[in-house]
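Got chain A; can you put chain B on it based on the hints?
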Amino acid sequence: MTRHIRHAAFFCALLLIALLANAARIQVIEARTYDDNIANRRGTIARYGQPRGDILVGGTPVTGSRDTGEHLRYERTYTNGPMYAPVTGFASQVYGTTFLEHTEDGVLAGTDPLLSPFPMWKGVARDRNPGGDVLTTLHRGAQEAAYEGLTGRKGAVAAVEPSTGRILALVSAPSYDPSVLSGNGPAVARSWATLNRDQDKPMLNRAVRKTYPPGSTFKVVTAAAALDAGVVKKLDKRTDSEDPYTLPGTRTSLTNESEGCTDVPLRKAFEWSCNTVFAKLGVRVGVKRMAATAKAFGFNDADLRIPFSVAESTFDTKVDKAQLALSSIGQYNTRATPLQMAMVAAAVANGGQVRSPYLVERRTRAGGSTVATGGSRSVRQAMRPSTAALLKELMVDVVREGTGSNAWIPGATVGGKTGTAQHGLGNSGTPYAWFVSWAQGDLDLEPKVAVAVVVEDADPDRGDISGGGDAAPIARAVMKAVLKSPSDDRR
Amino acid sequence: MTKAGTTLVAADTPAPAARLPRRRGIELALIVVAVLLSVYGYCAVGLARNGTVPPGAAGYGAGLGVLALVAHLAVRLRAPCADPLLLPIGVLLNGLGLVLIYRLDLETPDDRAAPAQLVWSTLGVALFIVVVLLLRDHRVLQRYAYVCVVAALVLLALPIFFPAVNGARIWIRIAGFSIQPGEFAKVLLAVFFAAYLAANRSALAYTGRRVLGVDRLQLPTGRVLGPIVAIWLLSVGVLVLERDLGTSLLFFGLFVVLLYVATGRTGWIAIGLLLAALGAVAVGQLEPHVHSRVEDWQHPFASIEAGEGPNQLSQSLFAFAAGGMVGTGLGLGHSIMIGFAAKSDFILATAGEELGLAGLSAIFLLYGLLVERGFRAGLALRDPFGRLLAVGLASIVALQVFVIAGGVTGLIPLTGMAMPFLAQGGSSVVTNWAIVALLIRLSDRARSRLGIPEDEEAAVTRSEGRAEALR
Numbered sequence: 001m002t003r004h005i006r007h008a009a010f011f012c013a014l015l016l017i018a019l020l021a022n023a024a025r026i027q028v029i030e031a032r033t034y035d036d037n038i039a040n041r042r043g044t045i046a047r048y049g050q051p052r053g054d055i056l057v058g059g060t061p062v063t064g065s066r067d068t069g070e071h072l073r074y075e076r077t078y079t080n081g082p083m084y085a086p087v088t089g090f091a092s093q094v095y096g097t098t099f100l101e102h103t104e105d106g107v108l109a110g111t112d113p114l115l116s117p118f119p120m121w122k123g124v125a126r127d128r129n130p131g132g133d134v135l136t137t138l139h140r141g142a143q144e145a146a147y148e149g150l151t152g153r154k155g156a157v158a159a160v161e162p163s164t165g166r167i168l169a170l171v172s173a174p175s176y177d178p179s180v181l182s183g184n185g186p187a188v189a190r191s192w193a194t195l196n197r198d199q200d201k202p203m204l205n206r207a208v209r210k211t212y213p214p215g216s217t218f219k220v221v222t223a224a225a226a227l228d229a230g231v232v233k234k235l236d237k238r239t240d241s242e243d244p245y246t247l248p249g250t251r252t253s254l255t256n257e258s259e260g261c262t263d264v265p266l267r268k269a270f271e272w273s274c275n276t277v278f279a280k281l282g283v284r285v286g287v288k289r290m291a292a293t294a295k296a297f298g299f300n301d302a303d304l305r306i307p308f309s310v311a312e313s314t315f316d317t318k319v320d321k322a323q324l325a326l327s328s329i330g331q332y333n334t335r336a337t338p339l340q341m342a343m344v345a346a347a348v349a350n351g352g353q354v355r356s357p358y359l360v361e362r363r364t365r366a367g368g369s370t371v372a373t374g375g376s377r378s379v380r381q382a383m384r385p386s387t388a389a390l391l392k393e394l395m396v397d398v399v400r401e402g403t404g405s406n407a408w409i410p411g412a413t414v415g416g417k418t419g420t421a422q423h424g425l426g427n428s429g430t431p432y433a434w435f436v437s438w439a440q441g442d443l444d445l446e447p448k449v450a451v452a453v454v455v456e457d458a459d460p461d462r463g464d465i466s467g468g469g470d471a472a473p474i475a476r477a478v479m480k481a482v483l484k485s486p487s488d489d490r491r
Numbered sequence: 001m002t003k004a005g006t007t008l009v010a011a012d013t014p015a016p017a018a019r020l021p022r023r024r025g026i027e028l029a030l031i032v033v034a035v036l037l038s039v040y041g042y043c044a045v046g047l048a049r050n051g052t053v054p055p056g057a058a059g060y061g062a063g064l065g066v067l068a069l070v071a072h073l074a075v076r077l078r079a080p081c082a083d084p085l086l087l088p089i090g091v092l093l094n095g096l097g098l099v100l101i102y103r104l105d106l107e108t109p110d111d112r113a114a115p116a117q118l119v120w121s122t123l124g125v126a127l128f129i130v131v132v133l134l135l136r137d138h139r140v141l142q143r144y145a146y147v148c149v150v151a152a153l154v155l156l157a158l159p160i161f162f163p164a165v166n167g168a169r170i171w172i173r174i175a176g177f178s179i180q181p182g183e184f185a186k187v188l189l190a191v192f193f194a195a196y197l198a199a200n201r202s203a204l205a206y207t208g209r210r211v212l213g214v215d216r217l218q219l220p221t222g223r224v225l226g227p228i229v230a231i232w233l234l235s236v237g238v239l240v241l242e243r244d245l246g247t248s249l250l251f252f253g254l255f256v257v258l259l260y261v262a263t264g265r266t267g268w269i270a271i272g273l274l275l276a277a278l279g280a281v282a283v284g285q286l287e288p289h290v291h292s293r294v295e296d297w298q299h300p301f302a303s304i305e306a307g308e309g310p311n312q313l314s315q316s317l318f319a320f321a322a323g324g325m326v327g328t329g330l331g332l333g334h335s336i337m338i339g340f341a342a343k344s345d346f347i348l349a350t351a352g353e354e355l356g357l358a359g360l361s362a363i364f365l366l367y368g369l370l371v372e373r374g375f376r377a378g379l380a381l382r383d384p385f386g387r388l389l390a391v392g393l394a395s396i397v398a399l400q401v402f403v404i405a406g407g408v409t410g411l412i413p414l415t416g417m418a419m420p421f422l423a424q425g426g427s428s429v430v431t432n433w434a435i436v437a438l439l440i441r442l443s444d445r446a447r448s449r450l451g452i453p454e455d456e457e458a459a460v461t462r463s464e465g466r467a468e469a470l471r
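Taken in order, these protein sequences are the chains called A and B. Counting from 1, one number per residue, gives the positions in the first sequence under full-length UniProt numbering. Counting from 1, one number per residue, gives the positions in the second sequence under full-length UniProt numbering.
Be careful, since some hints might not be right.
If you anchor each label on the Cβ, the simulated ranges turn out as follows [said to hold, decoys possible]:
id	chain 1	residue 1	chain 2	residue 2	range
1	A	Arg25	B	Asp137	41 to 49 Å
2	B	Pro109	A	Asn196	23 to 31 Å
3	B	Gly284	A	Phe10	23 to 31 Å
4	A	Gly367	B	Leu47	20 to 28 Å
5	A	Gly106	B	Leu273	51 to 59 Å
Keep in mind the hints are simulated off the structure, nothing from the lab. Even for Gly, the Cβ is constructed at its ideal location relative to N, Cα and C.
Isolated chain A, as found in the complex:
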């Protein structure tokens, strides 16, 4: 009997070994596949089980977390949600994340391995770190000014610091409050449906995700290309240009909004925004050099990240002369995001150098220690410094005595360029009003801010003036807000 008792005991030992081996299989060897199963809610619960890190503007958070006491415990909240929505995006328990909430999710949700002081141990215990914070480059005053300026209108504002590329303001109107999407109830689904149905597309980030025909504001690029190429050597020397201008190889003639553009020197042509002059200049510069300059300013770059992606601004390189003429005055296939046009103004202000724009100054742990800095990006020379100096002169003239007088700020040097862009089938749409500018306080060593404003619903009757009438005052308010503050308090 003893032998058989031993056999029975041996059988029980086999059962034990089977249990242990199977437990190791589920808990360690195949654990990952169970953890990643879509029906496993643990990942979601852990994600919302702790307060999400915050996004900060000027040292104060514009986001928060609310303890709901529900299964998915913490919900995102926003202060001044609509104002900062183009920067923060939303963080929804149902619909995922967008913009900074998306690109910085690892830090905010606490999953970024950099947040952990002991990365190896975290691998064994699979804990989460407290969410880290993201400090933005935004200037609170500039953002507020831009948001107020666009209240009740449709459009966008982008402002950058020319010498660094720091984005100071990024506003899109109409906007929405991202906090209505934070939770997971039926109200969230209703809000989502309403926002997506809205004809005005409030969730579209017009400052970086929509491209517009830049119209006359693109003449800054054309002028830079002409000066760099030596096609124009002196600002006050008369140009060889007819009015109206017959597009090469066609019978279409191009006219101007203003009088007296025949053979007018570049200074006046820029001030009066003569289409005929710049169309012909573009053709004389040639497609190759035009495209090179446009590219140096940031056009035709699909890879720009600030850190979320920016829609590609385009300058068509496969064009005949007539198309090139139109492209050179910001029509045809030339399209730009407001951010791109702010970069154009910034390049002029910064001696021809284009700084890659960025939105995240620093990422920190919950305790405040820095995990990573976002600064110091690549630099590109868009034009010669001497060309930039001449263009500054031209832009200052526009504000001092031309179409951009609405942007004038006492005690500062302001340069700008207006634009009105036709669009739609047969130019039937209400034109877009543009204004791009930069400003330097009289006590500053360098220009402090470059801004681009686009207003979609500008009054069509006022023609080119609307850039100055509708967009310039908004640009002025933004620039004033930046100049007013000592440069350090915006951090």
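Showing chain B alone in chain A's frame:
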């Protein structure tokens, strides 16, 4: 233990003065450790959830401590030579079970199970003490074999007259308490099988006809086989009527193991497997319930793929996987998502998630140790009834742990059953304390030098068996 072995070698030449160390001090020390571990777990839950030690921690520790101490004193008084590991393992598993149930109660504030479980645990320990104090010699039970089987069958049949709960007719409700009589029947049937087989094993082993001329496959005659198969069929039939497949599987396994141990005939295993196959086919055909369990086992994620969300088994697997190597920590898992039966059949998932593979392995090894100690007592005993009873009781624990733990971890099809000591369920806790009490009694007999008059059969293998068992 080497000391024990040496003593025993000396014992082959009669030396009545030599005796085994009783090791009651070790038992007491281990009980203190077990109680402290349980209290620590209780505190860890509170600290993880609220950052404070739960208010009841001292009371809980004192209650468990007093119960364990009284049980220890009973053992000291009436079973001084008993195996020192049995009682501490029972205390630790029971204490841990209370912690896990208390922890799950936090998720279901309207449905608290821990207080009732504590009452049942007290009853269980009381039964333990009664058995240890009153049952002076296990062979007394042999006389009541037929009383036991009648009682077992009555208990098994009782729930048929009560309404079904969650699809199974295994509960009876008396004065607000629900009792699962099948749990008690396990022990009674083990006693009957052991007594019957001890009495008839010669007939079972040495009579019968050969099959296919092979000596090993010698089948016993119908006359000997008849009664035992009849009893078995009856109990299994009752269980199928009640839809409690886990217990059915347990009885069948117990029956085969004891037959094999008693007779040493591989033929019994063949017959057992044949009967199992027939039963499986028949039940699978008749019961859609069983069929779906097998489907779930083969494709645990079928309901997810069908868009119906995860079923209990996949939630259980998620819980185990979430535990990983060291677990989330007590109170920090989400095993409550298993839903119904999270505190009973699926209690192991909570242990797996919150204590990790490390904690789960420790629990399995505790059960393993309990079973091993049971077999050891069986090897050391001299009378066939005692040997079979010890093996039967140990096998009940082993099979039950395997059936339910294998079920919730996806190793075998899931059948509802209580994890011994851990799971919510009063009848189960009381029964398990009875099993431990009987093992204490058996091991005390095995380890004491008071030999029982030798059975002719046992004498052949006794000395080497005992020597090894006690080493």
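Now the hints, each set against the structure:
Judged by the Cβ atoms, the range 41 to 49 Å given for Arg25/A and Asp137/B holds: they are separated by roughly 46 Å. Roughly 40 Å separates the CB atoms of Pro109/B and Asn196/A, a value that falls outside the hinted 23 to 31 Å. One distance hint, 23 to 31 Å for the beta-carbon pair Gly284/B and Phe10/A, holds here, with the actual separation near 30 Å. Hint check: Gly367/A to Leu47/B, Cβ distance near 23 Å, so the stated range 20 to 28 Å holds.
Gly106/A and Leu273/B have their C-beta atoms about 56 Å apart, which keeps the hinted 51 to 59 Å range intact.
Violated hints amount to a single one, hint 2; each of the other numbered hints is respected by the structure.
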